[in-house]
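Taking the hints into account, I'd like the entire structure generated from these sequences.
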Amino acid sequence: MAVCLGDFAERAKPISASVPLSQVVERFLNDPSAQYYILVRDKRPAGLISRTLTFEFAASAGLDRQSQLAIGDLITARALILKAETTVSEFVAKAGKHIDAVIARGCIIVEDKRFKGVLSPSKLQEALISTINDGASTVPPAKPVAEDESGKLQQVPLLGTLAHEIRTPLTAIMGLSEMLAGRIKNDYNKDLAQTIARSSHTLDRILTDTLDYARLEAGKFEARVEAADLTELTDDLRRLWASEASRRGLALRVGFIPEGPHYVQTDLGRVRQIANNLISNALKFTKEGEVAMTLSTQTLGSTLMLSLSVSDTGRGLTPAQRDRFMEVFEKGPELNGLKGWGLGLTISRALATGLGGELTHADNPKGGSVFTLTVPVERVPTALPKAETSTAPKRGKFELGDVLLVEDHEASAMIVINALEQAGWTVHHAGTLHAAESYVSLTKFQAVITDLHLPDGNSMNFIDGLRRRGGVNAATPVIALTADTTESRRQACLAMGADRALKKPITGPELVATVADVLMSRAAGHVSTVELRGRLAG
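According to this note's numbering, numbering within the sequence shown proceeds without interruption in unit steps and concludes at 1953.
Note that these hints are calculated values from the structure, not bench results.
Be a bit skeptical, because a hint or two may be false.
[Claimed, not checked] Here are the computed distance ranges between Cβ atoms for each label pair:
#1 N1833 - V1795: 35 to 45 Å
#2 K1428 - N1876: 28 to 38 Å
#3 V1887 - L1607: 44 to 54 Å
#4 D1778 - K1600: 40 to 50 Å
#5 V1795 - T1858: 40 to 50 Å
Glycine included, each C-beta is placed from N, C-alpha and C at the ideal position.
If you want it as structure tokens, here you go:
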């Protein structure tokens, strides 16, 4: 049965657009259960005002101006008005490519020409997830291939939106647990915090796998080719998995075989993703012995091939499992006590194909399995410049100043603020684009860091406006944070004027290193995005 939006509506009272901001604040304070009001202008719904947004406006305006500002003057984006019987599929079709912005603003639900309530962003996500679950539990009717492919294509932006909603709290869990682990002295409590951190990183890998699988199914796979040092990748993987192997009582051997070049051009993120999936599976299904990963390159004819092999001394695969290891893995009765659902193996196989290579399986002579990834890569003629190993900025290259963080998620903001302030920056925090606009119009910042999805809109327009309008921050470096990992999203951010686009979740040290790198590049005289846009426009 189709899921209707009216089933998820929350009650909300109307409020006139002419009501002063101070009175809206008072109403929210007097009614702790109220999360939204429906903004009414000329007896018609004009938008939604949330508790969070109201308090953010109030903080920006100050006590003196709260009574002078009408709430309607602060809300510029209209909320979508939908009938209670509207299905989720109809909503997705109506929102179209603007679905991210529509979800961020929320919707107003009417029934028999009367207000029924509101759909907050969280309730909209709940409705979307309910539809996905409902669809997964039923067998869809047969339909033409073209229609089926169209449906798959529509699911990709929907999953991207869901990924953003999941990755925002996931970033907080990862960052706060790592922050706690670094501060706790008690071994038992430290282990608890580290377990939370490990689990959150596992969840992030599963989420990345799921999104990539959806893109592969929809034919929207995008390779992100970059220069890579395979010896650094080897070191990274060794550091990442050493503690997990030790915790399981297993030996871990990770190495690069120096028979061919180790500077190559490839989709490093996907190669790393496949390696993580293979090592993770090997550790899960090996009770004793060792897990080994070797990385090498060799020339076959005129093509340089990368080979990544992961072996274990576990139970291995039965002949039946070998025959179907390309499909979604289903644990046999003999494996019921083990964790893992095998989706990573399926996706790794699909990713290998997407990169023009293959993933194969063989029996390990020592017992267990050997999975080998082979993909074509391009040779890099010269060595890559060494990256800075320290995340602390070098004060000699630039002076530490004020940074603006635009982030509505409190826990995520806490992680970023803590990391930047420990590095020496002064951080100003805005929870909405409206508040951010106020900040950038008055204060010169050394850098602006902004999430792409805010309660009152999309930061892409904010970044573009910052560049086009001029002012004290027209040339300020901007770093965008997004859960959308596609190359097209990264390029869109850069086209709007961002200097970097970082994938959520991101750790505090990673962000500090990125801000430092951007500022050092500017100090070294490298072309900024503002200058580049000017040259292209000219």
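Hints, one by one, checked against the model:
| no. | hint | in the structure |
| --- | --- | --- |
| 1 | N1833 - V1795: 35 to 45 Å | 37 Å, holds |
| 2 | K1428 - N1876: 28 to 38 Å | 30 Å, holds |
| 3 | V1887 - L1607: 44 to 54 Å | 46 Å, holds |
| 4 | D1778 - K1600: 40 to 50 Å | 47 Å, holds |
| 5 | V1795 - T1858: 40 to 50 Å | 42 Å, holds |
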